[in-house]
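Construct the complete structure from the given sequences, taking the supplied hints into account.
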Amino acid sequence: MAFSQKRIQKEILTMTTSPPPGTRLVTETMQTTKEFLVEVHGAQGTLFAGEQFKLLFKFGDRYPFESPQVMFVGDHIPEHPHVYSNGHICLSILTDDWSPALSVESVCLSILSMLSSCTEKKRPPDNAFYIRTCSSNPKDTRWWYHDDKV
Amino acid sequence: MESDDDYYEDDIDPDDYDDGHNFDNEDVEVDEGYLGESSVDARISSYNPDLGDDDPYPYECLSADKVVGLMNEIIREVNDIVNIPSTTLRILLAHFNWDKELLLEKYYEYEGNQERIFAEAHVISPLKSKSLARRKSGRSIEQACEICCNNYSSSFMTGLDCGHSFCKGCWSQYLCTKIIDEGMSQTISCPEFECDIIVDDAVVMNLITDQKVCRKYQHLITNSFVMCNPLLKWCPAPDCHHVIKVEYRDKRPVKCECGREFCFDCGESWHDPVLCMHLRKWLKKCDDDSETSHWISANTKECPKCQVTIEKDGGCNHMVCRNQACKHEFCWVCLGPWDPHGASWYNCNRYNAEEAKKARDLQESSREMLQRYLFYCNRYMNHLQSLKFEHKLYARIKRKMEEMQQLNMSWIEVQFLKRAVDVLCQCRQTLMYTYVFAFFLKRNNQSIIFEGNQADVEKATELLSEYLERDVTTASLGEIKQKVQDKYRYCDSRRNVLLRHVHEGYDKDWWEYIETS
Ligand SMILES: [Zn+2]
Ligand SMILES: [Zn+2]
Ligand SMILES: [Zn+2]
Ligand SMILES: [Zn+2]
Ligand SMILES: [Zn+2]
Ligand SMILES: [Zn+2]
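Sequence order for the protein chains is A and B.
Mapping to our numbering: the first sequence position 65 is 65, numbers consecutive.
Mapping to our numbering: the second sequence position 203 is 353, numbers consecutive.
In case anyone wonders, no lab produced these hints; they're calculated from the structure.
This structure is a prediction, so every number in the text was calculated from the model and none was measured.
A few of these clues could be false.
Said to hold, decoys possible - Which stretches of chain A does chain B cover? Using the computed rule of at least three CB atoms under 8 Å from a CB of chain B, they are: (1) 25-32; (2) 62-72; (3) 98-109.
What the hints assert, rightly or not - Here are the simulated DMTMM-like cross-link-like pairs (lysine to aspartate or glutamate), alpha carbons at most 25 Å apart as the crow flies: (4) A:Lys10 with B:Glu344; (5) A:Lys58 with B:Asp331; (6) A:Lys10 with B:Glu292; (7) B:Lys431 with B:Glu601; (8) B:Lys318 with A:Glu66; (9) A:Lys121 with A:Glu79; (10) A:Lys139 with B:Glu344; (11) B:Lys362 with A:Glu120; (12) B:Lys366 with A:Asp97; (13) B:Lys318 with A:Asp96; (14) B:Lys318 with A:Glu120; (15) B:Lys631 with B:Glu552; (16) B:Lys256 with B:Asp346; (17) B:Lys318 with A:Asp97; (18) A:Lys6 with B:Asp360; (19) A:Lys54 with A:Glu120; (20) B:Lys548 with B:Asp636; (21) B:Lys366 with A:Asp61; (22) B:Lys592 with B:Glu662; (23) A:Lys139 with B:Asp331; (24) B:Lys658 with B:Asp331; (25) B:Lys451 with B:Glu505; (26) A:Lys139 with B:Glu332.
Using N, Cα and C, we set each Cβ at its ideal position, and we do this for glycine too.
What follows is the structure in structure tokens.
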């Protein structure tokens, strides 16, 4: 769709010229504007300092009116109470609280802050059950949001 | 919809209000307690329309357009009292589930601090919003839309009183997504992140060009209005878009323009004499137990451990429960565990073993419960089934009536035949529900009288049915009229006796009910 293309181009520009600190849009292997891969570096002074993760964004045809599909990928998934070991993230702005005025940049900022505020490295309590039963698309999950304070 | 203009009056002017609406306001006069009414007598009142012995139950059948008119009427009424733009008022009313009394109460309770009521309903107070986005001057400046990232002249940018503005293209796509994909109507908020200001209906109707989306939106709004309003109910007939409006809520029969008669309280077919609560339980039970009719077949028993139904499909008595989580092995003959049987495949000699006896007793009692249910269910189903066939009888009787008219009887004179089929159907319907009533009934002196009455109606109904099915085609004309009238009058009177007795029992607390799982 022509008009989300313009928007995607703008997002690529923002993510390459002034990305949120600690993130980098991987443009080298980028083949389509329907998917973004973003490197996320754990901030200094937090439990994830020195660690590096990969975030995958997938945009549907109705983006930004529908939220992007966002998950951690690769073999290093942050050990965090809101992140399942298959990379799915329990974060309300990715589904219920999504707004078309949000962007890749704002999602990255949210996830960075989620990682930084973590006080104990552990998986969600229902991790074992969830990864056995969930769909591969995290947006199919009826999320029951964990306590936001973690 | 009568027209879009009628639906979305921006500011309703009480003077020309009537012009757009051709339903007379007298009939839909909204009086005190219109929305607040909720005290419902828990029992069926002694009135029954067929018995004709009590107050009538006034109601009207409204088209969807008229429901919209009703909604606008309420907005107008409140508007006369508090001077708020009707778009804002609609959001406030929806926030209070269309309870205008409650809205007004709160409005005055918050006197001097009315901002609060607007904040709670997620609208910008109209008392202070004048300066903002929507009422911007016509100067044309380029502005970037935060969603699509295009630049537009400010005339193409729009927003709510919160001040967040987006281009009209994005607005329209945003609204379509919310309405079509998420089925939202009165709770759609501004597209800005964490802005919870609600989009009013005038904005929606201005921004959406697709008629399909408009219709869906209007339907969603009308629906939430009907759902919020205890005095309105959609006709349950599929594809019927009428609403029944009553003056007070009760467990009474109402009849839609489309012909469907239903209980206003629970929406099921009119079910006198059984209570809504019991009918609901019964229908659920029928759904859950749809398999139970298999149970009585000699070839099934329940697994003594998990109660799953096991079918015996061969001669061997060594049974393995088919429930994968159970796989209990037992003996078909004694229902005891299989282990002690060892290798004696063909023969059970443990019939009297303690364990086996216990298992059989358990099965026995659950079977007794089941037998009881099946007893009532069979009779219920039997009448339900017969009712489904009565349209054939109507057709046959109609031919008979034409035949008789050709033999010099007047149209009036032959109406007794149609009346007879009407009575027959009423009796079947009543009988059907008396079996539901009886299923929940504990035995006592009154229940024995009830059963006697029920048996009378049952017998009279079958005689009438038989006569209409068979003899009516062979007997002589004079004889037919006399016999048919005798029979249906008798049926009708027995039916009234039966219903009166049950109603009297409700009034006098005669009925005791069994505990059901
Ligand atoms: Zn736009
Ligand atoms: Zn806003
Ligand atoms: Zn109807
Ligand atoms: Zn009912
Ligand atoms: Zn079993
Ligand atoms: Zn045995």
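Violated constraints from the hint list, given by number and in increasing order
When the structure is compared with the hints, numbers 1, 11, 14, 24 turn out to be violated.
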